[in-house]
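Asks: Residue numbers (this note's numbering), protein chains in the order written: chain C, 12 to 415; chain U, 12 to 415; chain V, 12 to 415; chain E, 12 to 415.
What the hints contain is simulated information worked out from the structure, not anything from laboratory work. Fair warning: there could be bad hints in the mix.
[Claimed, not checked] Each computed DSSO-like pair below joins lysine-lysine, with the alpha-carbon atoms no more than 30 Å apart:
| id | chain 1 | residue 1 | chain 2 | residue 2 |
| --- | --- | --- | --- | --- |
| 1 | E | K183 | U | K183 |
| 2 | U | K18 | C | K274 |
| 3 | E | K183 | E | K227 |
| 4 | E | K22 | V | K274 |
| 5 | V | K18 | E | K274 |
| 6 | C | K274 | U | K274 |
| 7 | V | K274 | V | K227 |
| 8 | E | K274 | E | K227 |
| 9 | C | K274 | U | K175 |
[As the list claims (entries may be wrong)] Here chain C is said to cover these stretches of chain E; the calculated rule only asks that three of the stretch's residues, wherever they fall, bring their Cβ under 8 Å from a Cβ of chain C:
| id | region |
| --- | --- |
| 10 | 145-158 |
| 11 | 197-208 |
| 12 | 239-253 |
In this text, a Cβ means the ideal position worked out from N, Cα and C, and glycines have one as well.
Protein chains: 4
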Amino acid sequence: MTMDVRKWPRKNDPDSVRARQEALGLDGEVTGIELEPFTRAQEMLTGAAVIPVSVVGPLELELGEYELREPGGEVAETGRARDSVFVPLAHTEGGLSASLHRGARAVAESGGFRTYVLADRITRASCFICSSAAEAIELARWVEGEVDAMRAWLAEQDDPSLSKHARLREVKTHVVGPMCPVLWQWTTGDAVGPNMMTRNAYVLNMGYVMERAQVKPQRSILEANMGGDKKPSFEYFQSGHGKTVLAEATLSEDAVRRVLRTKLDDLAELAWAGTHGAIASGMQSVAFTPATAIAAVFAATGQDLGMVGTSSMAHGAARRVENGLQVSIRLPGIEVATIGGGTTLPFARRWLELLGCAGDGKVYRFAQIVAAATLALEISASAAMATAGSAEFFRAHHERGGLR
Amino acid sequence: MTMDVRKWPRKNDPDSVRARQEALGLDGEVTGIELEPFTRAQEMLTGAAVIPVSVVGPLELELGEYELREPGGEVAETGRARDSVFVPLAHTEGGLSASLHRGARAVAESGGFRTYVLADRITRASCFICSSAAEAIELARWVEGEVDAMRAWLAEQDDPSLSKHARLREVKTHVVGPMCPVLWQWTTGDAVGPNMMTRNAYVLNMGYVMERAQVKPQRSILEANMGGDKKPSFEYFQSGHGKTVLAEATLSEDAVRRVLRTKLDDLAELAWAGTHGAIASGMQSVAFTPATAIAAVFAATGQDLGMVGTSSMAHGAARRVENGLQVSIRLPGIEVATIGGGTTLPFARRWLELLGCAGDGKVYRFAQIVAAATLALEISASAAMATAGSAEFFRAHHERGGLR
Amino acid sequence: MTMDVRKWPRKNDPDSVRARQEALGLDGEVTGIELEPFTRAQEMLTGAAVIPVSVVGPLELELGEYELREPGGEVAETGRARDSVFVPLAHTEGGLSASLHRGARAVAESGGFRTYVLADRITRASCFICSSAAEAIELARWVEGEVDAMRAWLAEQDDPSLSKHARLREVKTHVVGPMCPVLWQWTTGDAVGPNMMTRNAYVLNMGYVMERAQVKPQRSILEANMGGDKKPSFEYFQSGHGKTVLAEATLSEDAVRRVLRTKLDDLAELAWAGTHGAIASGMQSVAFTPATAIAAVFAATGQDLGMVGTSSMAHGAARRVENGLQVSIRLPGIEVATIGGGTTLPFARRWLELLGCAGDGKVYRFAQIVAAATLALEISASAAMATAGSAEFFRAHHERGGLR
Amino acid sequence: MTMDVRKWPRKNDPDSVRARQEALGLDGEVTGIELEPFTRAQEMLTGAAVIPVSVVGPLELELGEYELREPGGEVAETGRARDSVFVPLAHTEGGLSASLHRGARAVAESGGFRTYVLADRITRASCFICSSAAEAIELARWVEGEVDAMRAWLAEQDDPSLSKHARLREVKTHVVGPMCPVLWQWTTGDAVGPNMMTRNAYVLNMGYVMERAQVKPQRSILEANMGGDKKPSFEYFQSGHGKTVLAEATLSEDAVRRVLRTKLDDLAELAWAGTHGAIASGMQSVAFTPATAIAAVFAATGQDLGMVGTSSMAHGAARRVENGLQVSIRLPGIEVATIGGGTTLPFARRWLELLGCAGDGKVYRFAQIVAAATLALEISASAAMATAGSAEFFRAHHERGGLR
């Protein structure tokens with residue numbers, strides 16, 4: 012193929028779409044799905060990908076209800092409720108759906124999941140390069156002192172490019188030599204919010220900092236890698252990026268034996284060895300396979316798949332308690348939306364509706380369901396590993412098989 | 012919904028699929044795609060997810076041709092060739108396709124990408140728990156000395172559960188207290204291989220180690236978190252998991268100015284600040300947004316989306332050279348397949364064919380294209396950030412907008 | 012030797028000291044130094060260690076003067092002044108003193124060091140283990156809301172075990188499953204303060220939290236590894252432990268050529284390769300050899316040598332500027348004292364006096380001198396590496412040699 | 012003080028020493044110790060530092076006897092023997108000696124320590140900067156294939172600057188863009204060896220690589236931060252730097268109760284919370300306070316105090332076993348010497364002799380004693396934390412007090 016790279020049509024009108032399909036010799040299934048609903052989703056639209064979806068459940072949950080308290084933006088619990096949820100999983104990995112289902116059963120028979128939202132923040136980390144450390148430090152001190160004024164200034168701007176949904180909460184600076192990174196921390200409602208906060212941070216940088224600071228930075232960079240966007244980092248493993256959620260369950264001896272076909276002590280010993288294995292291999296997370304469940308829910312529900320890695324940062328823990336095993340997972344950076352982006356598109360919307368998570372006011376519910384589904388798979392996969400010699404895990408993969 | 016979790020039908024015969032759809036009240040689009048081709052992909056199949064696909068390009072590349080040298084399993088370059096490749100991207104992020112396209116153009120006008128496969132290994136890390144450190148050390152020494160014998164033993168087994176495609180290459184042990192982790196390192200041909208190596212490692216553990224070692228471990232765990240499966244870790248950021256690939260380009264001053272609308276010095280300064288930002292936030296990777304490109308190619312081509320995070324581990328570097336900027340990215344753990352799993356399914360197969368990457372003998376080509384596409388987006392996204400005040404980045408996201 | 016471990020005398024009266032010396036057959040030099048001044052420094056005192064001390068300098072510095080602003084405990088700069096300082100270095104490494112001296116000379120000829128204190132905090136991280144995540148979260152919320160009350164309560168206690176020098180500043184919680192770590196953050200005046208804050212944290216835990224919280228933790232642990240004591244961690248690489256100090260210098264082309272015998276571009280290229288080398292090897296710090304200078308100053312001045320690793324966490328950066336190279340180092344966790352502990356002992360006190368750093372109100376000065384000395388050695392050692400083929404580094408170690 | 016920095020005398024003849032002492036106004040104790048034995052230890056010698064030394068013990072140990080097997084350089088165990096060792100600790104921290112002693116007693120009453128040397132390697136990581144990734148990869152492949160030839164070449168060189176004690180064992184490359192880091196891995200006998208391997212690596216770089224490689228690197232850097240020298244890194248936390256040693260003990264219920272005044276379950280729960288605390292704070296190590304013991308032994312015995320941080324990298328683990336708690340610590344990078352450097356100096360030599368560790372053939376013994384002493388303190392300090400509410404830890408610090 013020798014098409015000139017500059018001439019590749021970019022628009023999504025029917026002729027351009029067709030021109031691309033023909034140039035590439037594409038026909039049949041990949042061009043057979045109606046593309047019209049997707050034309051605003053991306054440039055150079057040409058066809059479709061289809062991923063099969065299983066539905067697994069129900070997950071028996073006790074979820075928290077939360078609101079963002081103003082003006083500080085703390086996540087406050089206003090109630091708790093029980094629910095049963097069926098979870099859509101888009102993937103092609105034989106055994107995954109059955110395993111997650113098994114974990115959900117074991118928890119259901121043990122009293123259900125309990126989930127909690129601990130925090131809600133997302134960060135855009137700009138960097139101002141100054142002429143010296145002295146100036147970078149002076150700038151940092153000034154920025155830290157201007158947060159209230161910046162918040163007020165943003166509120167009174169009439170700039171249509173600004174998002175009113177992205178609200179500035181805190182600012183953190185971290186001077187390294189002449190660099191002054193500024194971590195703008197936001198809440199973004201039911202959207203994940205990277206673009207919202209990008210627009211607002213840009214206006215803050217150019218309209219406020221560069222205009223008003225006595226120190227004039229040599230250069231303003233909108234994002235210089237401290238913002239945690241799609242890249243796991245300790246900064247956000249610790250402090251959170253998106254929704255920080257905790258899911259917990261107390262597995263009963265009976266459910267472990269009957270459903271998971273292993274023993275409490277075997278699970279506890281696996282947790283011990285697996286935690287030390289994580290440390291020995293330089294993992295930041297301690298978990299078994301959180302990305303598996305998260306990717307499957309994300310793909311079904313129109314989430315940003317580039318955020319699978321960051322949303323899968325996880326800190327799991329297990330402890331023997333009387334007649335059971337208390338297991339939990341802390342997911343500090345679940346980056347999910349129930350409005351905007353891919354969530355508005357046909358298939359994704361329907362799967363979100365199945366979860367009761369489509370639209371406004373649903374994002375904390377959704378984040379908690381993601382956490383519970385993740386823990387369900389952690390439990391079942393760990394149980395497979397924990398059996399003596401892991402015979403059962405072997406059989407599960409060997410006999411069931413799937414496509415691999 | 013109050014369906015009993017134990018009664019949820021698991022099979023994928025038409026009646027079971029229909030029963031699930033009806034129980035959940037699903038109809039219309041999500042159940043409208045023919046599911047029959049997907050029935051072996053996962054349990055409890057119920058519907059489909061659709062992600063729009065753009066096609067971007069061409070990427071102008073100089074790729075290496077590689078073969079695995081026996082018996083050691085080193086990746087040996089047998090030739091190099093130029094190619095032009097159009098890349099399918101499944102995602103819903105406004106601006107992504109246009110940006111990756113812009114990066115590809117800048118590189119095309121600068122002489123193209125050069126890509127290299129450095130290594131090919133994937134690891135299953137079992138753990139044997141012994142009664143003491145002394146026994147764990149003795150076991151580790153014994154295992155290290157048995158590798159040739161184990162390889163021969165595996166070859167002569169007549170066990171149909173064993174994969175002949177997964178070949179044991181090296182073994183590494185890492186004793187911590189009474190734990191003896193054993194990192195079985197494999198090549199798995201054109202498949203990613205987690206299930207293949209799981210089966211083989213299991214047989215090794217149970218049929219060889221537990222049978223023949225003079226030290227009898229108290230417990231054998233098939234995987235205890237040192238294997239790097241779907242979890243980023245320093246172990247594999249360093250030594251590789253899947254294909255270790257390097258992509259490089261030397262951006263010309265002219266292309267940077269005309270296509271990327273920035274300057275060489277601006278890009279160099281951004282690279283400097285971004286590298287230090289990565290360090291300051293405790294990122295293991297140094298890169299701007301590799302997961303974005305990788306997730307989009309993975310979703311189009313039937314790869315395992317749970318591997319987006321690990322496959323996006325990245326070490327980018329940039330250096331001013333005469334009249335240009337030399338940029339590169341090292342992706343130590345690209346986990347891709349051109350056979351098996353999701354790659355065999357209708358839509359995915361077609362997108363792989365577009366890339367010339369469907370089927371046997373294509374995996375090194377595919378891994379290199381993934382790396383080049385990733386670098387294309389790195390370049391364009393960095394360029395947007397590198398402009399003074401990042402004004403252009405702002406405009407790009409603000410005016411184009413998309414669904415967000 | 013077959014002495015019963017339970018009978019080894021522990022006291023430091025002359026007879027006990029002598030009994031130990033005789034039991035061990037020690038005489039001559041190791042027992043020849045007058046031990047009486049050291050009898051309160053540790054149990055089972057038996058002899059002495061002597062480390063030779065060089066004095067190197069002067070370091071030409073512009074230092075900040077700081078005070079802790081009440082009630083928040085921010086470090087506020089109240090002035091800046093120039094000074095020339097000779098630095099004592101206790102060590103036995105041939106070349107170290109000459110190299111640090113050379114770095115100091117290069118900086119002196121380039122206009123001197125500029126140093127800044129950014130922050131001052133030290134942390135004791137207790138952990139309350141609760142019966143469930145729900146209780147851990149409830150406890151965390153409660154603790155966060157009680158900080159002002161706790162501060163007032165501490166102030167009014169009449170408990171002689173409490174330290175009035177250790178002042179509680181902020182509290183951070185970090186729930187993981189049923190664990191509720193509470194990071195008590197303190198300022199401790201001119202002392203490092205681990206024991207002070209230990210005593211105060213203990214009283215807070217037992218007298219306030221365990222008494223007043225509605226949630227009754229199952230267990231209170233005074234420190235469970237989140238406190239950063241003598242163990243490098245990202246938490247404190249980022250947020251600081253002890254004094255967070257930045258030192259900077261702008262090396263002139265002339266000084267680099269004449270004193271360091273290398274070139275600006277060579278230094279810049281080394282900084283680039285060294286930064287990427289740090290990333291590739293999974294270092295948290297980016298620096299060349301900060302622990303060398305820090306250990307030598309610590310050993311001379313009676314600091315806690317167990318804190319060499321944490322105090323050496325470092326983030327260095329270098330940038331070409333017009334006619335020079337701007338170099339800086341951020342040392343987030345310098346743990347130094349000018350009062351208490353080893354600083355009160357004969358030799359240490361005298362070396363602190365030489366620095367003008369003995370006694371009250373000197374700790375910020377001392378921390379800045381440590382940072383400048385560290386940067387001096389970084390510069391000189393880097394220069395040796397930066398020369399073409401590093402020929403000079405080789406010669407420096409080979410010809411000078413010393414004891415190795 | 013306004014002495015010209017260029018005129019500061021550097022030599023260690025009596026007149027120069029005296030000139031420095033007088034210029035600085037130093038007299039009395041710091042200049043009162045006979046400096047003559049130290050004149051070859053460092054430049055600009057001016058005085059001395061004295062640190063009090065306690066002697067604690069005996070540690071009851073079962074140590075391994077090891078030899079380096081040629082030609083591969085594996086550490087092979089040739090026997091095991093029991094010994095009782097008194098350990099000198101140079102420090103000024105009240106409570107440390109008593110606590111380490113208590114830990115030693117608890118272990119002695121539980122059957123003693125068992126220690127093992129797992130590996131012995133030290134690395135100098137040079138970096139060759141090439142014109143492109145292609146050249147860096149070609150160079151890497153060539154270097155990897157030349158190791159046997161390089162070893163032979165080194166052996167036949169008649170260069171007096173080369174060390175015959177530093178033996179090249181393996182070579183590892185790690186290409187990032189145009190950079191080709193080469194990790195030269197050595198054994199260095201009973202010395203730590205940084206200078207030895209520096210000299211040999213330099214000769215290899217300049218005399219072999221730069222002369223013979225078909226790819227001519229643009230630049231050769233002797234060390235570019237992948238070598239692990241005095242900077243903790245995951246690379247060496249994993250693979251080892253210096254001696255990789257494991258120490259283990261099985262605490263009996265009785266010793267835990269009577270000597271440590273806590274309970275097995277309390278210790279186990281502390282280990283669990285402390286492990287998760289380490290993870291939550293981004294520690295690479297899992298341990299309580301290894302640097303404390305290591306710094307104290309290093310200061311007494313003339314070790315390099317700049318290596319306290321790296322030598323303290325640690326991975327501890329604890330497990331309930333029948334009637335006891337099995338505790339262990341893996342110290343991957345103990346950098347100790349029994350010959351050369353500071354170990355030859357008066358006081359240090361004597362303390363090494365007390366340990367039976369002075370001179371040739373003693374380094375593995377010494378490394379094991381360091382590990383056992385470290386574990387002794389870990390046990391006692393953990394026990395203090397593990398008691399309900401950590402009341403005892405509080406008392407230990409509060410009542411005993413010392414200088415703080």
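Asks: Take the C-alpha atoms of K22 of chain E and K274 of chain V, compute the straight-line distance between them, and say whether it is at most 30 Å.
Replies: This hinted pair holds, its Cα atoms lying about 28 Å apart.
Asks: Quick check: do three or more residues in the region 145-158 of chain E have a beta carbon closer than 8 Å to a beta carbon of chain C?
Replies: violated (count 0)
Asks: Keeping to a limit of 30 Å between CA atoms, is the pair of K18 of chain V and K274 of chain E held or broken?
Replies: Roughly 24 Å separates the two Cα atoms, so the pair holds.
Asks: Go check the region 197-208 of chain E versus chain C for me, would you? Three or more residues, Cβ under 8 Å, otherwise it fails.
Replies: violated (count 0)
Asks: Below or equal to 30 Å on CA atoms is what counts here, so check K183 of chain E against K227 of chain E.
Replies: holds (19 Å)
Asks: For the pair supplied as a hint, K18 of chain U and K274 of chain C, confirm whether the alpha-carbon distance does not exceed 30 Å.
Replies: holds (24 Å)
Asks: Under the criterion that the straight-line Cα-Cα distance not exceed 30 Å, is the pair K274 of chain V, K227 of chain V satisfied?
Replies: violated (64 Å)
Asks: Closer than 8 Å Cβ to Cβ for three or more residues is the test here. Does the region 239-253 of chain E pass it with chain C?
Replies: holds (count 3)
Asks: CA of K274 of chain C to CA of K175 of chain U, is that 30 Å or under?
Replies: The given pair, whose Cα atoms are some 33 Å apart, is violated under the 30 Å limit.
Asks: Are the Cα atoms of K274 of chain E and K227 of chain E separated by 30 Å or less?
Replies: violated (64 Å)
Asks: Does K183 of chain E pair with K183 of chain U here, judged by a C-alpha cut-off of 30 Å?
Replies: At roughly 15 Å apart (the allowed maximum being 30 Å), K183 of chain U and K183 of chain E satisfy the hint.
Asks: Quickly compare the C-alpha distance for K274 of chain C and K274 of chain U to 30 Å and report which way the hint goes.
Replies: Violated, at roughly 62 Å.
Checked against the numbered hints given earlier, the structure breaks hints 6, 7, 8, 9, 10, 11 and satisfies all the rest.
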